[in-house]
Amino acid sequence: MNQAIEVLSPNRVISKQTVRWLVGLQLLMLFFVWFFSPTIFLPKPREVLQALSEMWMEGLGGELITSFYLNLQAIALSTVLSLLLAYLTVIPFFRPIVTLLSKLRFLSMVGLTFFFTLMATTGHELKLYLLVFSVSVFFVTGMAEVVASIPKEKFDLARTLRMGEWRVVYEVVVLGQAEKAFEVLRQNAAMGWMMLTMVEGISRSEGGVGAMLLNQNKHFHLSAVFAIQISILLLGLGQDYAIGLLRNLFCPYADLKLERK
Amino acid sequence: MEQYTYGKTLLKIDDVSLEYDGRPILKHVSAEIRDIVRPGCTQGQVVGFLGPSGIGKTQLFRIIAGLNKPTSGRVTVNGLDRPVEAGEVGVVAQDYPLFEHRTVMSNLLLAARQKEKDAKVARDKVIQHLTDFELIDKARLYPAQLSGGQRQRCAIIQQILCSEHFLLMDEPFSGLDLLMLEKTCELIQKVANMDELNTIIVVTHDVTAAASVADHVWLMGRDHDSKGTPLPGSHIVETYDLIERDLCWHPEIISQPRFMEFVREVKNRFRGL
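Line by line, the protein sequences give chains A and B.
Mapping of the first sequence onto our numbering: position 54 corresponds to residue 54, and the numbering continues sequentially without gaps.
Mapping of the second sequence onto our numbering: position 174 corresponds to residue 174, and the numbering continues sequentially without gaps.
Because the hints were derived from the structure by calculation, they are not lab data.
Ideal Cβ positions, reconstructed from N, Cα and C, are used throughout, including at glycine.
Any given hint might turn out to be false.
Beta-carbon label-pair distances, calculated as ranges [said to hold, decoys possible]:
1. B:Tyr20 to A:Ala178: 27 to 37 Å
2. A:Gly164 to B:Asp14: 19 to 29 Å
3. B:Ser174 to A:Leu249: 50 to 60 Å
4. B:Gly149 to A:Trp166: 30 to 40 Å
5. A:Ala148 to B:Tyr20: 17 to 27 Å
6. A:Gly164 to B:Asp241: 53 to 63 Å
7. B:Glu85 to A:Trp21: 55 to 65 Å
8. A:Leu72 to B:Asp195: 51 to 61 Å
9. B:Val37 to A:Leu246: 55 to 65 Å
10. B:Arg258 to A:Ala148: 52 to 62 Å
Next up, chain A with everything else stripped away, as it sits in the complex (with noise of 0.2 Å):
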């Protein structure tokens, strides 16, 4: 009785076999409604899994793999364009040029295709080159403002140290930001998923689970959508996991000051 006045109430910090209770009883609940749901839209457990048996036959697993890899390659790309781009706005002459790249998050991906697909010699390039440029916009707009927000007494902290101004940089903008950049990677990352099926979308000639969506997508075969889905869902939580791991390795301090640890 107590656990769940305690579970129900604001701001408490529950333990983590409580946590554990709590998300096996909402998946539970989840799976339920899923299974008893009667909207005819939504295919029953059993066909998704049969959908998904029938597509990793058709290849399901060969296409996840080269998403993986692309989405791979355009996270790494964009972590370190927009790394640097966000951490040259201690200069004030980048401040307006990333200002202005920040800003390019409005545009459309379809619009772009046309000029990366002058610039790319390949449909791996063009897709690779579409998602690095959706992703960076939104990274470099996150981490611009990490760095925007670092307090007036943490450079104090370091000059009084003696630092030179690269040496506060660095002090104070990379390593002492790290555990925050981590956080916008993570962000990030997995918007790049979102963004991968409507890469995949423009450019087929590589294949990709995208494609593979769209085209069950548009011959309605809901249960394969869904099968396709649940593949993507599950990768983009071992992908998360791996960051926060990451994160866990390389700032074990970022989680020490939190209330819910």
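Dock chain B against the given chain A, drawing on the hints supplied.
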């Protein structure tokens, strides 16, 4: 009265003025701190820096630390014929900032290596300070894992390791209970007396605490016109020499009537600023 003499000038604020958008903040601020020499003991210097809120204490604080440049005038340390540079005067800010991504040991080594190029010597210095300040068992912890008092000591060590005997402390008594306040006063005395040239400037609103640790008190304020309206631009309106008044270096001084009388005098002056 204790025997003492004054040695060389350690820190000099020389006619410092500061303006923002043509509005004077500081006007012809001048003061100096000289080495107090007491036979038979190592005696550092502690200055209490008092003034009402919004008077420009923080601005002067930043100029003394070399973090801001004044519009005119300069601050010099150790008799050098150039303005003070950031890093020469240590700063312990109110919330004791440390690098949260580094452990206590790493924070201190970073500071020590800025001044001492020999890694082993720097490490030995850090370990010695950690032992002296009872933090040796916290060396592997991150700042977020320290208590307020431990964090304060760590921030002080970090700055002592790097600066040239000078330490500016911003509101070190703020929000402390009686026990912690006494401990902080003891800590300030301890740090000051670790080296003959150690000089601490304590910026505070707490007149009693400042007077109990300081050998001099600077009072910052504004002049007033004939109608009593404050004129723009602050300066040090009064310097109290507590040694001359025989009010420092006595362990139980705060319970003595003459000390309380002095605190009353400063408070009355403070109210008129």
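Tested hints:
no.	hint	verdict
1	B:Tyr20 to A:Ala178: 27 to 37 Å	holds (35 Å)
2	A:Gly164 to B:Asp14: 19 to 29 Å	holds (27 Å)
3	B:Ser174 to A:Leu249: 50 to 60 Å	violated (37 Å)
4	B:Gly149 to A:Trp166: 30 to 40 Å	holds (34 Å)
5	A:Ala148 to B:Tyr20: 17 to 27 Å	holds (23 Å)
6	A:Gly164 to B:Asp241: 53 to 63 Å	violated (39 Å)
7	B:Glu85 to A:Trp21: 55 to 65 Å	holds (59 Å)
8	A:Leu72 to B:Asp195: 51 to 61 Å	holds (56 Å)
9	B:Val37 to A:Leu246: 55 to 65 Å	holds (57 Å)
10	B:Arg258 to A:Ala148: 52 to 62 Å	holds (53 Å)
Checked against the numbered hints given earlier, this structure breaks hints 3 and 6; the rest are met.
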